[in-house]
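Protein chains in written order, with our numbering: chain A, 1 to 195; chain B, 1001 to 1195.
Just so you know, these hints were derived from the structure itself, not from any lab.
Computed from a predicted model, the values in this text were never measured in an experiment.
We treat Cβ as the ideally placed atom computed from N, Cα and C, and that holds for glycine.
Check the hints yourself; a few may be wrong.
Unchecked claim - Label pairs and their in silico Cβ distance ranges:
1) B/Glu-1128 - A/Gln-33: 35 to 41 angstroms
2) B/Ala-1088 - A/Gln-157: 49 to 55 angstroms
3) B/Arg-1040 - A/Ala-124: 38 to 44 angstroms
As the list claims (entries may be wrong) - From the derived model, a few chain A residues whose C-beta atoms are all more than 10 angstroms from chain B:
4) Ser-23
5) Thr-186
6) His-189
As the list claims (entries may be wrong) - If the Cβ cut is set under 8 angstroms, some of the chain B residues that face chain A in the computed set are:
7) Ile-1067
8) Thr-1145
9) Ala-1146
10) Glu-1147
Residue-level listing of the chains:
Protein chains: 2
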Amino acid sequence: MTEPALEGLVEALRRLPGVGQKSAQRMAFHLLQHDRDGARRLAGALTHAVQQMRHCQRCHTFTENEICSTCSDPRRNPRLLCVVETPADQAALERSNSYLGLYFVLMGRISPLDGVGVDAIGAAPLLERAADGVVEEVILATGFTAEGELTAHALAQALKSRGLKVTRLARGVPAGSELEYVDLGTLAHALGDRR
Amino acid sequence: MTEPALEGLVEALRRLPGVGQKSAQRMAFHLLQHDRDGARRLAGALTHAVQQMRHCQRCHTFTENEICSTCSDPRRNPRLLCVVETPADQAALERSNSYLGLYFVLMGRISPLDGVGVDAIGAAPLLERAADGVVEEVILATGFTAEGELTAHALAQALKSRGLKVTRLARGVPAGSELEYVDLGTLAHALGDRR
């Protein structure tokens, strides 16, 4: 290919996670040949999302406002705070329809191999958030991977030392799996059996 | 999720071929959390490509100019015209470094099940292009799938009736393969076309 606009598009598509050279080419040709409207929409959605989306000041998830819709929902129980790694994990828990408290989204997890320590995952904002005088119980719902467990362990120690009740999702979630991909029934059980 | 900007982005990403709900979510979160610059670039590349890319007036591939770089290359042999289904197929043939003629890109193939007939794949522009008085041989390099074969068959009839020499890529045993694992149809063709 010697067309800069096409090469630029393929190059930009390759930056998406899980997309290699062949997939990026296929996507570019598809958009140009069959779905130019889709390409325009995607461009608009990307620009809009990058401009609008920021982090909720209370739970750190993505939102277009100061405070996200979950945090500002008065029907939510403010005495329960559930700590998850990603917004995708939060969405999975929401779909299980068995939790009515609030969330804190770490946007990451401790990963010593990648040089991600306890500070980089927002432990300080979490401790501050959990110390608002309303939160009574912090449910650690990080993944049951080695890194998720490590994150939960580190956070549990810090939270307990501040006198908070700390629970962990019940085992029942298969070890080694990401929350996002666990079936909803298992998630509901894990919430009910938290300890 | 109840964030319109995020939902819009996920929805737009789902229109990419091979991207489902989970992948689209993963892409959206990745871009927002780790690669906002990549998101901006992708938006720019999409807008630019949709504005700039059109079809080469001679071979129908994507180009930013009236005539693509291959068609306007004087070192190319204008007596040979190779017909392919997609720009990706053309790119594969180019990488083989064994063809120095020109191309015609159908941008599709006959597919009766999808209602794509011989008219929808640019047969008329191909016939016009091949009848320029310079082209002597048309090489049909459509895929060796049922649909590719059907396309080649239909085009061969039309081209031959206009007095053009029509050839098809050779069928045979792929390089690097064990005879034991080659399918019987391919073996039968390889035997029949032995040289």
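Hint by hint, work out which the structure violates, then give me just those numbers in ascending order.
1, 3, 4, 7, 8, 9 and 10
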